[in-house]
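Throw the hints in and build the complete structure from the sequences for me.
Which chain is which? The protein sequence lines are V and Z, in order. Quick note: the first sequence uses UniProt numbering, first residue 1, plus one each step. Quick note: the second sequence uses UniProt numbering, first residue 1, plus one each step.
Honestly, the hints are just simulated from the structure, not real lab data.
In this list, chains with the same sequence are indistinguishable; a pair is considered to hold if it fits within one copy or across any two.
Simulated pairs of lysine to any residue, SDA-like, Cα-Cα distance not exceeding 25 Å:
id	residue 1	residue 2
1	K67	E84
2	K67	R83
3	K193	N181
4	K136	N41
5	K67	E219
6	K136	R37
There are 2 protein chains.
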Amino acid sequence: MASTHILSAYDEELQYLTRRISEMGGLAEQMCTDAVRALVNSDSALAQKVIADDVGLDQSEREIQEKAIITIARRQPVAADLREIVGSLRIAADLERVGDLGKNTAKRVIAVQGGVPRKLARGLEHLSDLALVQLKEVLDVYVSRSVEKAEAIRLRDEEIDAMYTSLFRELLTYMMEDPRNITTCTHLLFCAKNIERIGDHATNIAETIYYMTTGAQPEGERPKDDTSNTLGAANS
Amino acid sequence: MASTHILSAYDEELQYLTRRISEMGGLAEQMCTDAVRALVNSDSALAQKVIADDVGLDQSEREIQEKAIITIARRQPVAADLREIVGSLRIAADLERVGDLGKNTAKRVIAVQGGVPRKLARGLEHLSDLALVQLKEVLDVYVSRSVEKAEAIRLRDEEIDAMYTSLFRELLTYMMEDPRNITTCTHLLFCAKNIERIGDHATNIAETIYYMTTGAQPEGERPKDDTSNTLGAANS
Numbered sequence: 001m002a003s004t005h006i007l008s009a010y011d012e013e014l015q016y017l018t019r020r021i022s023e024m025g026g027l028a029e030q031m032c033t034d035a036v037r038a039l040v041n042s043d044s045a046l047a048q049k050v051i052a053d054d055v056g057l058d059q060s061e062r063e064i065q066e067k068a069i070i071t072i073a074r075r076q077p078v079a080a081d082l083r084e085i086v087g088s089l090r091i092a093a094d095l096e097r098v099g100d101l102g103k104n105t106a107k108r109v110i111a112v113q114g115g116v117p118r119k120l121a122r123g124l125e126h127l128s129d130l131a132l133v134q135l136k137e138v139l140d141v142y143v144s145r146s147v148e149k150a151e152a153i154r155l156r157d158e159e160i161d162a163m164y165t166s167l168f169r170e171l172l173t174y175m176m177e178d179p180r181n182i183t184t185c186t187h188l189l190f191c192a193k194n195i196e197r198i199g200d201h202a203t204n205i206a207e208t209i210y211y212m213t214t215g216a217q218p219e220g221e222r223p224k225d226d227t228s229n230t231l232g233a234a235n236s
Numbered sequence: 001m002a003s004t005h006i007l008s009a010y011d012e013e014l015q016y017l018t019r020r021i022s023e024m025g026g027l028a029e030q031m032c033t034d035a036v037r038a039l040v041n042s043d044s045a046l047a048q049k050v051i052a053d054d055v056g057l058d059q060s061e062r063e064i065q066e067k068a069i070i071t072i073a074r075r076q077p078v079a080a081d082l083r084e085i086v087g088s089l090r091i092a093a094d095l096e097r098v099g100d101l102g103k104n105t106a107k108r109v110i111a112v113q114g115g116v117p118r119k120l121a122r123g124l125e126h127l128s129d130l131a132l133v134q135l136k137e138v139l140d141v142y143v144s145r146s147v148e149k150a151e152a153i154r155l156r157d158e159e160i161d162a163m164y165t166s167l168f169r170e171l172l173t174y175m176m177e178d179p180r181n182i183t184t185c186t187h188l189l190f191c192a193k194n195i196e197r198i199g200d201h202a203t204n205i206a207e208t209i210y211y212m213t214t215g216a217q218p219e220g221e222r223p224k225d226d227t228s229n230t231l232g233a234a235n236s
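This is the structure we're talking about:
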């Protein structure tokens, strides 16, 4: 009886971590959706909400970390159980960073009050849709623990990177066409970079789920198609 | 005797973490110094070295994380000892991020092969000097555990933020003066942002050291003077 009781309390601790991480994921996703909506609609009130939400997300990460550490010290888990807890720590850290990226995007809303040109807004929304689908799907995989789906998500990050590189070029073109676009487009460049990095964090989470489930790191080089870092000064 | 032996092995585990973190700090600092040098001197070979160094830094973070988790499970530490290990995990994560920022700066060297205008190079070097002094000093405080110095470093981040905001404005001015500067200056904006964020990570580390030493979070709002997020489109 005693042993059953201990196991069940332990299961509850693991379930607590899983539930809190899913909650964090939902909040991080909502913050990023709201941030892009605030940006394209010049909605300062919504931007302020995103900035306020980030306090709760940071707090959640800290609580998950504390709970995970207490569980490790109390239960001395090994193998799959230990990977489960270490994985929780890593995923919570990635989600906290996703929230920071949403917050940074929201903070720039006030700087682009002149409004975002329609074509650029569509580009940002499209990039954001791609990144948030990745995030949403990886959070589903966190529940289902499908190794195949984790692999598939990891390989799809290059689509986001290619879209980001294309948007980067477009923003440069706008700036070159009219210097009055420079300040706004500079902030939009940072916003685009923020969104692209949400995709990177979704990929990190996919790799962590792979590790939690199999005990191994995924094989093969991580695809990397963001070539904007090396876009030269000519013709771009 | 047995108890002394156990205590001593435990001390060795803590010392191992301290030593590995100091090593990570040294490497992260060197990577960032090299990245800025590579940028202002258009030195692709040095940039490649920084990119290669990042693999080792990532590996170190993973090893520190594994060792920390094993130590928590084996020793079930409480109070100051537990904070020591949790702090190590947090600092290693911050240093890994600092390395990523150095790597991202290095990757942009190839895009600004046209060279960095002298005045902007001086601005970037100055910003980098400020951020790297913060990083170096916080790594010294990690050894000395001086709460007063940790507090002082935390309060000094606003100097870096103010310098970053000034450089941000200067880069926008260059772009407006001549559209041919736009691509290079865009990459330099991202580099400046990378360097400014090194200062943020030094501040995080200072806060972690404060927590490790006192068990409390530092009091008072963290100073924040990076106003570039909200620089409006007019006159900047």
